[in-house]
Every structure is written in structure tokens, then in C-alpha cells.
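K.L.:
Single-letter residue listing:
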Amino acid sequence: MNCIIIDDEATARAIIGQLCSNIESLTVLEEFPNAMQAIKYLNQNTIDLIFLDIHMPDFTGFDFIETIKNPPKIILTTSDPNFAIQAFEYDCIVDYLVKPITPERFQKAIQKAETTVTKPKAHTATSDASIEKVESSSGNDLYVNIDRRLIKIDIPSVYLVEAKGDYIQIKTEDKNYTVHSTLKKIEEKLPDDLFLKIHRSYIINVDKIIDIEDNSVLIKKDVIPVSRSNRPELMKRLNLL
Amino acid sequence: MEQPNLSYINSMSGGDKAFEQKLISIIKGEFPEEKRVYYTNLKAKNYKLTADNVHKLKHKISILGLEKSYEIAVAFENNLLEGNTELQDQFESILKTITRYLQEL
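Taken in sequence, the protein lines are chains A and B. Take the first sequence: its position 97, counted from the start at 1, is 97 in our numbering, and no numbers get skipped. Take the second sequence: its position 75, counted from the start at 1, is 75 in our numbering, and no numbers get skipped.
No lab work stands behind these hints, which were simulated from the structure alone. Incorrect hints may have been included.
What the hints assert, rightly or not - Derived lysine-lysine pairs resembling DSSO-like cross-links, with alpha carbons at most 30 Å apart:
1. Lys152/A - Lys220/A
2. Lys185/A - Lys175/A
3. Lys68/B - Lys164/A
4. Lys152/A - Lys43/B
5. Lys208/A - Lys184/A
6. Lys45/B - Lys175/A
7. Lys48/B - Lys184/A
Stated by the list, open to error - If you want the footprint, here are the derived chain B segments under chain A, 3+ residues with CB under 8 Å:
8. 23-31
9. 45-57
10. 60-71
11. 82-95
All C-beta atoms in this analysis are idealised placements derived from N, C-alpha and C, irrespective of residue type, glycine included.
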């Protein structure tokens with residue numbers, strides 16, 4: 001198997017490279033200190049396996065997986081065991097190695113990679129590592145990653161999502177959550193029949209509107225501006241007498 | 001206090017002395033820079049970035065066989081994400097121990 005190593009830490013790349021060199025069936029083609037360089041490489045090269053660090057500045061391992069189309073098999077390498085649940089949401093991930101990686105555990109991961117047939121998955125160019133929508137048996141839930149914990153939010157209880165720089169604030173009946181993501185990304189995860197973007201910084205739950213006045217909406221205790229371009233769509237959604 | 005050792009490096013090198021030296025050299029090059037960035041971010045009270053630095057440093061702590069220190073680093077990283085610097089002194093003592101050890105290698 002031809003593989004590449006993506007890790008911002010030179011020490012980690014050296015260790016994984018050494019572990020690979022002990023396995024005859026593995027050939028390391030390249031090593032990258034960040035995901036962006038690897039993406040450029042993958043645009044022109046086909047490989048069988050990626051050793052991917054999760055915790056990298058600017059562009060995490062999960063951002064990387066969401067970005068590439070038809071990802072090959074991936075073995076995640078991390079110092080943090082808390083990402084395991086999120087990791088196995090992806091079909092392309094065949095194993096999850098916690099650093100420091102032992103030769104025995106590495107060998108097992110390679111065996112898994114050699115025997116696992118991954119299902120090709122349709123990928124969009126943009127999605128979010130911080131937000132995963134999960135269809136659970138109890139209805140629509142949204143899982144958000146806050147401080148490395150996946151926290152479940154009941155989608156119908158969300159009444160407002162507000163963009164705040166690199167973060168979004170999700171307001172629900174009981175609690176507010178600040179998540180590292182964008183309005184565009186969460187918009188893709190919310191059901192269209194319930195939620196509407198009424199301003200470049202706000203998405204509202206239409207069911208929770210109390211009243212509308214000219215260019216603003218009262219929702220709970222928040223007065224939210226409605227942009228001129230979004231107002232026609234909002235008016236269409238109302239059951240006007 | 002527990003002392004750094006080369007047990008992990010020896011166990012995964014498969015007796016390849018050239019690799020052991022190469023890895024030690026990489027750690028010697030990378031560790032001071034990671035430590036410098038850690039102190040800079042901590043001084044600026046940028047605890048999220050400081051937690052990222054601790055995250056990276058804790059890999060080296062584990063590579064050097066410091067099991068108890070690793071647990072302190074994990075707890076300190078989590079504390080920093082909540083804006084808490086309670087374990088700072090203990091963590092920095094670990095950094096000093098590693099610094100001395102690497103200088104002697």
C-alpha cells in the first residue's frame with residue numbers, strides 16, 4: 001500500500017515513518033506538516049492509505065476528511081482518545097491510534113487497513129468537523145463539538161443561531177452553545193422546513209417567531225434584523241390572514 | 001519526581017540506532033520551539049492556544065516515558081480550555097525536567 005503521513009509534529013512523522021519502514025507492504029510516498037499541502041498532493045496523486053493527525057492548527061484532520069473527494073483509507077493518529085466516537089462516523093477511517101503508538105498496535109491497524117474494504121462516500125467540498133447531524137431513533141438531533149465533547153442538541157428546541165466571528169451561538173429553550181463553525185455550515189444541517197436565514201448573521205426557527213415588525217423579528221426576547229433580500233422568503237413562510 | 005527515559009524510543013526503534021539518534025535530534029530541535037510558543041501564549045493569556053501547545057508537548061512527554069507527568073499534562077490541557085491555570089507550576093516543572101534531560105543526551 002502506498003501511503004502518506006500528515007502531522008504537524010516532526011517527531012510524530014518520524015515515528016510513523018519508522019513504524020511503516022518495518023512493514024514490507026507499506027511504502028511512504030510523502031510526509032506533510034499540514035493538511036493543505038496534502039490536499040494539493042492528493043489532487044494529482046492517488047494513494048491507498050493516509051496516516052492523519054486530528055489535532056492540527058488551522059485545518060484539523062476532520063476538516064481534511066470533509067474536504068477531499070473520495071478519501072482513501074485513513075488511520076487517525078492522535079494524542080486525544082476523546083475523538084473516537086466522531087472518528088467512526090466516517091466510512092474511510094479504518095482505525096484510530098492513540099499516541100504514543102506502539103509497534104504492536106500499529107501492526108494491528110495495518111492489518112485492518114489491508115482487510116477493510118471502504119465504501120466510497122459522496123463528499124461535498126464544504127462541511128464541518130464541529131457539527132455532525134445524527135438521525136437518532138428519537139428524532140432529529142444535532143451533535144456539536146464543544147471542548148472535545150459531542151453534545152446533543154434537540155433541533156426543534158433551537159430558536160436562533162447567530163454568527164459571531166469564527167463561532168456561532170446556538171440558542172435553545174434551555175441553554176446557549178458557542179461552537180467553532182460558520183452559519184453556512186450549520187444551515188446545511190438544519191431542516192429547511194423549520195429554519196430560515198433572515199440575515200447574513202442570523203438563522204431563526206420560524207415556529208418560534210412571536211411577531212414581525214417592518215425589518216425585524218421578535219423571537220423569544222431577541223429582536224433580530226431581517227435583511228431586505230431575505231424578507232420575501234420569510235413572508236412566504238408565514239400563514240398570513 | 002519521575003525522570004525521562006528512552007524506553008519507548010528503544011522499544012519502537014527495533015534496535016535501529018541511527019533512527020534513535022535521528023528521533024532524539026528531532027525532539028531536541030522541536031521541543032524548545034514548542035516550549036517557547038507555550039510560554040508566549042500563556043503570557044498573553046490565550047488559553048485556547050496554550051492548550052494546543054500543551055497538547056503537542058504532551059506527546060513528547062509520553063515519548064520520554066513520563067507517565068505521571070503525562071496525566072498532569074492532560075489535566076492541564078483540559079483546565080486551560082476552561083481558562084484555569086491551576087496546574088501551571090507542575091506542568092512547567094515537567095518542562096524543566098525534560099529540558100535538562102535533553103541537554104544531557
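K.L.:
Could you run down the list of hints and mark each one as holding or not?
P.N.:
A quick look at each hint next to the structure:
Proposed proximity of Lys152/A and Lys220/A is supported: the alpha carbons are some 22 Å apart, at most 30 Å. Restraint check for Lys185/A and Lys175/A: the C-alpha separation of about 21 Å stays at or below 30 Å, so the hint holds. In summary, the hint linking Lys68/B to Lys164/A is not supported, as the alpha carbons are separated by about 39 Å, beyond the 30 Å threshold. For a cut-off of 30 Å, the pair hint linking Lys152/A to Lys43/B is broken: about 35 Å separates their Cα positions.
Between Lys208/A and Lys184/A the alpha-carbon distance is near 21 Å, which keeps this suggested pair within the 30 Å criterion. Of the supplied pair hints, the one linking Lys45/B and Lys175/A holds, its CA atoms being roughly 27 Å apart against a limit of 30 Å. Annotation: proposed proximity of Lys48/B to Lys184/A holds, straight-line Cα distance about 24 Å (limit 30 Å). Counting residues of the region 23-31 of chain B whose C-beta sits closer than 8 Å to any C-beta of chain A gives 5, which meets the bar of three, so the coverage hint holds.
A count of 3 residues in the region 45-57 of chain B with a Cβ less than 8 Å from any Cβ of chain A is obtained; the coverage claim is therefore met, three being the minimum. Beta-carbon proximity to chain A at under 8 Å applies to 3 residues in the region 60-71 of chain B; the threshold of 3 is reached and the given coverage holds. A count of 1 residues in the region 82-95 of chain B with a Cβ less than 8 Å from any Cβ of chain A is obtained; the coverage claim is therefore unmet, three being the minimum.
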